[in-house]
Each structure stands twice: as C-alpha cells, then as structure tokens.
Amino acid sequence: MRKDDAQAIIAKALALAKAEHCEVTLTGANNASTRFSNNAITQNIAKTDATLTVLSAYGQTKGKAATNDFSDAGIASCVRRAEEIARHSQPDTEYMPPIPQPSYPDVKAHYPATEAATPEARAAAIRESCGLCEKAGLTLAGSFATESGVWAVGNSKGLFGYWPYSDARYISTVLTGDSSGWAESVSNDFAQVNPLTATGIAKQKAEAARNPVAVEPGKYTVILEPAAAAEMILFMLFSMDAKAAHEGRNGFAGKENTQITSPLITLRNQPDHPCCPGAPFLAGDWDWIIPLTSGMQVPETTWIEKGVLKSLMYSRFWAGKTGHAYTGMPSNLIFLGGDASLEELIASVDEGLLVTRFWYIRYVDPMTMLFTGMTRDGLFKIEKGKVTHGVKNMRFNESPLAMLKNTMKVGKAVRTGIGLPNLTPPLLVKDFTFTSGTSF
Amino acid sequence: MEKIIKDLAQEALDAALDAGAAYADVRFLRMKHQNLRTEDQRVSGINDSEELGFGVRAIAQGAWGFAGSGVVTKDEVKKVARQAVAIAKASATVLKKPVSQVPEPKRVASFKTPYTIDPFTVGIDQKVGLLLEINRELLKNTGVKKAEGFMIFKKDERLFASSEGSLLESEVVTSAVGYQATAVGEGDAKVRTYYPPPMTKGYEHINAQDLLTNATRVADQAVQHLHAKECEEGKKTLILDPQNLALTIHESVGHATELDRVLGYEESLAGRSFATPDLLNNLEYGSHEVSFVADNTLAHGLATHGFDDDGVEGQMWFIVNEGLFKGYSTSREVAGEIGWKRSTGGCRADHWGSIPIVRIPNLSLAPGKKPMSLDDLIHDVKDGIFIEGRGSFSIDQMRCNFQFGGNAFWEVKEGKITQMLKNVTYQSMTTEFWNSCDAVADERFWVQDGIMNCGKGDPVQISQMTHGAAPARFRNITVRRGRA
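Chain order of the listed sequences is C and Y. Under the working numbering, read the first sequence as residues 273 to 712, first letter to last. Under the working numbering, read the second sequence as residues 9 to 492, first letter to last.
Source of the hints: derived by calculation from the structure; they are not laboratory data. Heads up, some of the hints might be wrong.
Said to hold, decoys possible - Okay, the calculated bits of chain Y under chain C, using three or more residues with CB under 8 angstroms as the criterion: (1) 49-59; (2) 191-204; (3) 210-223.
For each residue, glycine too, the CB sits at the ideal point set by N, CA and C.
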C-alpha cells in the first residue's frame, strides 16, 4: 500500500471520528510462502491482507474496532463500533491520550526484490536445495517465505507515520534416517537470502549427527548457536514488564540496576540498526505485554549493559507513575557479540555439547525465570575442541538468567529469524541443566 | 451467505478451472471476533474485529496452489483464482508425485452452531460489568494482588464451494470466559485460575457459569498456593483433573496422530510423530483403560463445524481403543497416502487467508466403564498428587518426551488429600505415560474442556478443539520441582 493511499484511508477514519480521542492504525501486507517436505513442494500460498484499527476514547474509556473493509461504509462502521464500545465500557485507568507528531528515525527495511519475489523464484531455489539432498540420499524439509507490507498510524492530534518493510526467510531441515540438521538464511532483502548455503549447513549437521548416542542428563558446558541463544533471550525479553516486576509478579522483581548476568552480556534495541532494522514505531496488536500508544517512537533502549539490568519495559502510564523513561516494547534485539567465530568457541571447549536450536520453550516458574524446552535438529558432543558425535535430544530445565550468568564467552553476532529481528551471538555457557532425554 | 458471495464463489471456481486447475475450491469467511480483558478495576482491552475475505485452493499440473485476499470484488476473485493456479504450476516444478484426494460425496448442506443468545448482541456494559464484579470479588481477599478476567467471542460464517459440486455453509459461534487471581508475597507469586470449558455456544454459555460463586474459592486458593509446601521429587502416583488432561491429551495424542505430520509435512516447524502407520493396530498406545475418541459431531465441540475445509462431513472414530492405536486425523490428501478410502475430516484453516491443514479433532479420553469417582481414584493412592488446571507444557518434536505443570497441586497420602503443594512438574514419555493409567473416573465426572489457541503450520495458524476427560490416575510418574 502506497503512502498516499494509507494516508487517505487514515484521514477518512479520523474525519468520521466523534470521540474525544482517536487513534487509527493501518497494517497491510502481501505474504507468500512455499513449504516443502520429503524433497517436494507441499504447500504454496499467497495472501493479500490489510486491517484498519480504530481506537476511540472518551476520557479514559476506550474501545477498539478493526475491519478489512475499506469502503466508506466499512470505515464508518468501524469508527462507529469503536465509539459504541467506548461509550458502553468503563475506564482504563492506564489509558494515555494520543501524542503529537514525533520525529521518527529513517529505518530502511523495505526491498523491492522481496516485494517482487515470485513463486517460480522460490521454487527454483528449493529445487536446487532438494537436488543437493537427494544426491546424498537425504530428505529436505523447510519453507521459503516473504512478506512485504506497511505499518501506518494517525491520530486526532495530527500524527502520521508510515513505515514500509519487507522480510524473507528460508529455513531448512535435512533428515537422515536417524538424525537431522537445521539452518536458516534471513534478510529484509530477498536477494541476500542464500537457500543453498543454509541447506548445505543443515546437510552437514544432519550427516555429522548420524548414529546419535544418549548422554546422561546433568549439567553440561554448552555452546548455544545463535538460534538457540535467541530462543532463550527473546522468551526472557518478553517477560520484562516493569509493572509486573514492581508488583512482585515476575523474575525481575528488585533486580533493576543490579548485576544479573555475566559482564559479557549487553542487550539493546535500536530500530535504525543498519544490519537488523526494527520498526520506528509500533502499530497493530503489539499491546499484549504492556499498554502501548500507536505511533509512539520506539526509543533506543539498553536493557542489560555489561551484565547490569538497566531497564525493564515501561508503558507510558508506568513510566509516568514511576518517573522512569518510557521504553515501550522493543522492535528489534541487538545482542552485542564478540569477535570469536563459532568454530573458535568450539575449539575452546574440552568437553561439552553443541546445541543447534531449541524447541517448545515454556515457562516452568516465572518468579525464578525457570524455562523448559528441548534441543532439536543437531545436538553434538564436543571433545577436546572438536565436534565428535551426534547426541540424542534432551530436555532442559534452566533459567535464562542463570544461563547468562554462566556465559563464559560470546561469539560473533549474526542475524537470526527467531521472533523479533535480532542479532544474536553464539554463547559458551557452563553448567547448563539437562533433566531428561528422549528417544531420538 | 448472501447470493452475491455465492456468485463470486462460482466466478472463482470458473476462473481457476479456466486457468488450468484440475480441482479447485473457494472458501469465503466472514469473521467477527471480540476479546475483552480486565485487570483489577480497569478495562485493559476490548478488541472487536470484523473481516471478510476468501481463499482459493487449486490443483494444477498435480500440485497445490493457494491464494487469498480481503478484497471481495469480482475482478479480485478472478485474479486471485488465477494466482492460485499459477502458484500451483510453480509448485509442480518440485513435485515427487501428483496430489491425489480420496473421494468425498458432493453435497449441498449447511451447519449452524445451536445457540440462543448471539454474544454480539449482548452489551459491552453487561460483559465488562460482570468481569469487573468478578475482579472485585477476587480482590476482597487481601492476599490477592492482581485480578484478571477475559471473555472471547467468535462468530465465523463460512461458504465452501468446490469444483466437484459441493456447496457448504456454516455459522460457528464460540464463547469463552475465565479469570485468575495472583497472590504475591515472600518473594513469590502464585496464580489460581477459573477457566470454564470454552464451547461453541452463545452468551448463554457465559450465563450458565458459576463465575461469581467460585471467585472466593479461587482467591483463597491463590493465597493458599503461595504458602504451600514445596513438592518432593520422585516417582509418584498422579491423579489429573479433566482440565489438566485436556492439554496432555492435546500434546501427546492429538498432535501425535495428525497424519500430515506423521508423513513429514510439518517437519520444518511443528515436527513429526513417533506414531507411524506401521504401528496402527499394533502399538499399545495406552493401557486397557485408555480410549481416545475423535468426534467432530460432538454437541458444542470447538471443532464441530459440520464439515471441514475439504468439504468432508464431521465424523466420529477411535484414535485409541482400549489402549490400541487405531487412527489419525486426516485431510483428503494425506488419507490416501496410507491407503485409506475416506478422510476423517480434519482439514481446517483458521482464516480466509490460510490454507487448510490437518488439525486435531475434538479428541477426548473416554470415561471409565466401571463406576469410579474422583474420591475412589484418590482412595487407592499411598503417595501421590492430585493436579488441577493447566500450567507449564512442553513436548519434543516427535511427541515423545513431555513435561507438564498444573494450576493447583494437592498432596495425597494414604488415600486422602492432605495439603496443597507448589512448584510441581511431571515428566514422562508419551506411551509410557498412557500405559501407566490404571483408572479413569466414570461418565458422571467427564468434562468437555478444550483448547482455544492451538498453534500449527507455517505460517502459524491458531485453531480450537475440544478435549473431554474424566479424572484419571497414573502410576509411577516422575515428579520434579519446578523452581530454579
């Protein structure tokens, strides 16, 4: 959707608004995804969708309505529904009124090559990767997906924001009879995604993991590859609600401005990061952790600096109540890495395990930040600085805070496709707790 | 749906066939959803959404293509139908064998959830008023520091038309409500929930719940949980309530018996399954006490939609019968891959823009055949834990190793509940676990619970399905302390 079109739709909604306050967000995208398994394409889709969301408020009493009908009648109906809800609801005492126009950073995240990607181009890349695996008698599964869209916001104070973006991600799982390997390639620019390289890495991992052995559950020195580290860190990041901490309801209670991890750890968000752009403002349904005001600029925030917890996530309301700077939610995650390559980290381990990625991470105990989950698609034994054997998958019960406390080395950060746009390094962690094994 | 939509459906089918499709179907979906959330005495969110869109599925040159759009015009319908066929032709360039669907009789039919009060006609003031009143009740207990409530309503109107001549319409209405109290103190916080089973019913479902009646108990138990005894680790007997079992069934039986993942279609995201076709009629999935019944005709079931998005009517069948592994949830495509003559009708999409995939049906643990109450189950336990509600949940991608928590844990010693426990998790392997079941309470104790947020597929789709159960007992299960 072009900027003029988005602006016109938002203006139309605002012109119809009768409530004291009105915020309008417009999100739209073209999504395409080709999925494959057993060395063949099994699912291939395209979707064009857009949603207009209107938030109306009288004082602190608000209502929100959404539609994908952009006719005059559709927009008018959406505005009326939002106002109707607001008139019959009761106050949200944490509601904050619309803001005037902020100054957004220039965040380049939209690439024509992604918007122009075709099913034929995706199929050609998949065919090449399937061929690589078939020649080796292996089986390939994965997906190659693109998204090209816009976020636009406007409000009754005259604010307008428009941000086009694109994403492309190729993921591959290679299977032997008794092992698997996984790798991905991700970029905002379709032209920068390299499916064959990712498939080659997944293939190498699958072959190296053949004939996996079981090891006893217990505490291990582990190297977490970037995808594994990102899974843990992002799960933790979304638990950093300042209000919940101050009310004693999460694992960050009482920890602000204290050393909570190894000094090697620095986590921040920076929307205009050139290698990993994040949205300059938030729109749509991003208010599932803390209340958000559409169109608020996403500020650069350092969450953990050299191991010290510098900030939790503050809504406008909670920032005002506590006198803390507003942070909102991050739109990307920059985990500052070191210089060491993954291979150098492996070479520094005398005895341990290499974890390609995790699966099905869930909270066990929010107060001690205990997570459980499984290793997946490439768990290996490291002996005397070398990857020596595949290992059957294991369940961990571990806290990300303990994991980051026990981090001994941080490697070079790379872009992963896990959750938010992120740059995450591989980590060398001691005493990582595995509690049980599985059958494969 | 209106005649104009039916006409557009025919336009889509004609355009797809003209473009070279050997098979096509089109699904229009009008979705009306409303979510309400309250926190203490504030209304933290009300989201009300309405949308209409369509998706066209086509088989061309032996391969699938799918395209969807929220722009409902004649030109767009034709364009999207042709796009689906073009995508199918791209798929055909990386194909091992042509897609084949097992037969399903063509039919013209409609289905409507039986309900008496359309939840979208009930005023926001009434819904918000009830949620805030519940929160006030919860907060009367001074140990409760946070009270939260929610309501979810959905009305999905669907029209499915296929090039085989089927024309099917449905209207499915879903209602859910729940709340939770959080007690805080001593460096800890514990939540106690009250989540009545969600169902395909109208607002009468909300009216039928004892929401206010249970608030005092829920608040008291939240505080009790905070001060409860730490659980001791070891092998124990577990008695699981229907709500806890719903999630265990879902993860270790439901997903494990989706035939698409068994055949590798889900490998790249949700994974595969240990329950391969060679194990059908051979594997002792559970003990003789354990039967899992799939039933997409179940009254008020969350997956009771009349027919699936392949146009296959709802059915009832066994997944496990008296312990023996018997069946799968299928689509028309995957059913034929193991030689089945008919799909069990489990192919569903969560949105007009999503392609239908194999989904867990309404899947329930059958009640025990012998008279058996919850008290009877507990009476025969020397050292065990009775677990209510849901907590932590995680399972490996082959659906073998799992770990679950719960919402309330009660120590059982010498046949009696003695006190509340906290920080309990149980871990097992799927078939070991279900084979350790030595008793299931009878039908008087059977509860039709369900899951509203089942994620599967890539892109991820969210679906809903019922999991009924009566309390059941499991021997010699590994219990671990769920606290770092």
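A quick look at each hint next to the structure:
Interface restraint, the stretch 49-59 of chain Y with chain C: holds (11 residues with C-beta to C-beta distance below 8 angstroms; minimum three). With a threshold of 8 angstroms between beta carbons, the proposed coverage of the stretch 191-204 of chain Y by chain C holds, since 5 of its residues qualify and at least three are required. Coverage of the stretch 210-223 of chain Y by chain C is violated in this model, with 0 residues showing a Cβ closer than 8 angstroms to a Cβ of that chain against a need of three.
Checked against the numbered hints listed earlier, the structure breaks hint 3 alone; every other hint is satisfied.
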